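Each chain, written out:
2 protein chains.
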Amino acid sequence: MQQVRLVLVGLGNLGRRLCQILHDKREHIRERYGLDLVLIGAADSRGAAYDPVNGLDPEQVVALKTSGASIADYPDVGKKAWLAAALVATAQADVLLEASPVNLDAGAEPGLSSIRTALRRGMHVVTPNKGPLVLAYTELHELAASHDVQLRFDGTVAGGLPALYIGQRDLRGAVVGRLQAVPNLCTGYVMDMLADGLTWEQATDRAREEGVLEGDGSWDLEGWDAAAKLVILANAVLGVSTRMDGVSRTGITDLDAESLQAAQERGERYRLLAEANRDADGGYALSVAPVPLSSDHPLGCLGRKQMGVVYETDIYGTITAIIDEPSLIPSAATMLRDVLDIYA
Amino acid sequence: MQQVRLVLVGLGNLGRRLCQILHDKREHIRERYGLDLVLIGAADSRGAAYDPVNGLDPEQVVALKTSGASIADYPDVGKKAWLAAALVATAQADVLLEASPVNLDAGAEPGLSSIRTALRRGMHVVTPNKGPLVLAYTELHELAASHDVQLRFDGTVAGGLPALYIGQRDLRGAVVGRLQAVPNLCTGYVMDMLADGLTWEQATDRAREEGVLEGDGSWDLEGWDAAAKLVILANAVLGVSTRMDGVSRTGITDLDAESLQAAQERGERYRLLAEANRDADGGYALSVAPVPLSSDHPLGCLGRKQMGVVYETDIYGTITAIIDEPSLIPSAATMLRDVLDIYA
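First to last, the sequence lines map onto chains A and B. Position one of the first sequence corresponds to residue 0 (numbering that gives the first Met the number 0), numbered consecutively onward. Position one of the second sequence corresponds to residue 0 (numbering that gives the first Met the number 0), numbered consecutively onward.
No wet-lab data here; the hints were simulated from the structure.
Copies of the same chain look alike in the list, so a pair counts if it fits in one copy or across any two.
Below 25 Å or equal to it, Euclidean Cα-Cα: the simulated SDA-like pairs (lysine to any residue) are:
#1 304 / 267
#2 304 / 200
#3 78 / 52
#4 304 / 174
#5 304 / 176
#6 304 / 274
#7 304 / 171
#8 64 / 45
#9 64 / 215
#10 79 / 59
#11 304 / 177
#12 64 / 313
#13 304 / 196
#14 304 / 292
#15 64 / 11
#16 304 / 266
#17 304 / 255
Since the model is a prediction, treat every value here as computed from it, not as a measurement.
Same shape as in the complex, but just chain A:
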C-alpha cells in the first residue's frame, strides 16, 4: 500500500466535492490501486489545517465548510491566517491540489504562486484552475520537468470530460486539422433559455439558480472561460504556444433573441463554439463565438448540462467526446483522475 499525501488549496465548490469523493472512494482506491490517498493539509481563504501524522478527515472538512465555518476551525490543527502560501511552502506532501478560483485579473494569484512553489519543492501538482495554465503554460511545464514532477490539469477544460487526455494521448502521431469544443455549460444553458423566450434577466437568473453561472457572469458570458479553455487545449493538444490574446473572442451578450429563436425553429441550437482551424502553414486560427449548430453536427445535440469536443484528425478519423454533467462532481473528480493517472 503506497501512501499519497495530498494538500488541497481551495475549499469552494470543487474542493469540497473532492473532499467528499476522497472520503467515499478511499477504500475502493486502496483495494483497486493499492494507494492510500491521505489529505494531510487544506486551506481556504480564511485559514488552514495541517496534520501530517493523522491526516485530516475529508468528511469533517466537508461538514465544516457546509456549516459556513472555515478550515481554520478544524479541531486542534486548524489555524486562522495560516494562508495557503505558507502551507504549500512547508507541507511534507506528495501532491498539491490547487482548486482556488480562476482570477486572471490578479495574475492568476494566489494559484500561480502556489503551483510554482509546489513544483519547486518537488511536489506533483493537480489543478482545475485555468488561470495559471493560461498565463504560464510553458513556464510551469518547464518547471515541472526540471524538478521531475508532474503537472496535471484535466479539470481545466470541459468539466469532467477527459478532453485533454484524449487529445494528448490518444491522438499521438496525428495531425489535428480542426478542433471544435463546447467547453462551457453556462452559455449553452442561457442561450437555450433565451431561445425558449425568456428575457436575458430571467435566463441568467435561472442559470444562477442551477449553479451554472457564478459571480456577475461576465467571465462565462463574454467568452473568457471558453477562450481560456481553448488556450489550454491549443497548448496541450495542438502544441501551439499561445495565450488569451491569441484567441478571437465573441461572447453571447450581443446575441439577439430573434436569432436564437429563429435557429431553434430551424432545428438548430446555438452553442458558444471554441474552434482551432489549421492553416496551410501548420498554425491554427483560434476563435470563440456563438454559432448555430444543426442536429447533424457532432455537437449539435448537446443538452443543457452537456459539453463536448471534436477532433478532426488525419489518421484517427473524427473523434467526438461528450459529457453529461448534471452536477459539479465530475469536475471535482478530475482531480482524482489526475492523481490516479500519476500514481496508478
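Fit chain B to the supplied structure of chain A, relying on the hints for placement.
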C-alpha cells in the same frame, strides 16, 4: 533518437494500411517523439521478410501487397514458407504487431501463439486481433506482466475510437453503472439500408461494396463481432473476467424489415447495442442485441460510418465517445497509437 524495431504479422487490410502510416508518419514521429519506428520484419500467409540491419521499406511492402504479390517476394530478404511463427520466434524486435485475421473457430490461431511467443521473448505486443484477447485475456495479461512487457489492443474495440483507453485510464476510481456501445459498423449500415427499403441481399451487397462486410458476414451479422468487443471491454474496463459464453447475444439476421422501417418512421435508428448493466452484487449482465435508439440517446444519432461507446459512471457523469471512421485507416492507426503509448 530511440529506435523501436517492429515486426508485423498480417498484411491484410489493417497491416497494409499500417505500413502506409509508418511510411507517412516516420519523420513526424522522429521529430515529435524522438522515436524512430523501424519495420524490421513482416509476414503474411505466404511468407516473410526480415532485415534487422536495414529494415524493410513500408511503402515497398504496400506496393508488393497491392500488386497481389506476397511479402515473400520482397527483394533479397523475402522468403517463402518462412512463416509468422518462425519470424516471431527469432526476430530481434521490440514490438510484435499482430494483425492477422480474427479466427475464433481455430482457437484464435495463429495469432494467439504468436502473441504468447512474443511476450515470452520479452517483446511488447500490439494487436487489433480480438481472437486472442477474447479467448485468453487473463492468461495473456499475466504473461505480459511476468515478462515485464506491455500488451496493447486498442484496435480490438470500435475501430479507431480510444474506447478502451478512455475506459481504462480516464474512468479510474469510478464505478461504471452501465456501459453501452455500438462497436460494429457493418450491422448499423445494413440495418439502415433495410430501413430504407432494400432487401437483405441488396443491403449486404452494398455493405460488401463499401468494405464494411467481409466473408459470409455471419461474424458481424450474428453479433459475434460485437460480443467479442463487449467481452474485451468487460475484461479491460469493468474488471469482469468473462468470455463469449458470458454474453447474451442476438444478431440482426432475424430482424424484419417492418420493424426497421417503423422505427425509422418514429425517428429512431436501430443499432446493434452491446451493453453491460451493473447488478446489485457488483457483477454485470452482458448482452448484444439490435435496439431502436431514439435521437436523444447518446448513440441515437450515429451515422453509417460511426461507432460509439457510453460510460455511465458514479463520479465522472456520463461520457460518450464517438468516431466517424470513413475508412480503415483509423483502425490501422490504433497500432501506432498503442506503440506511441508504450514509448512516447
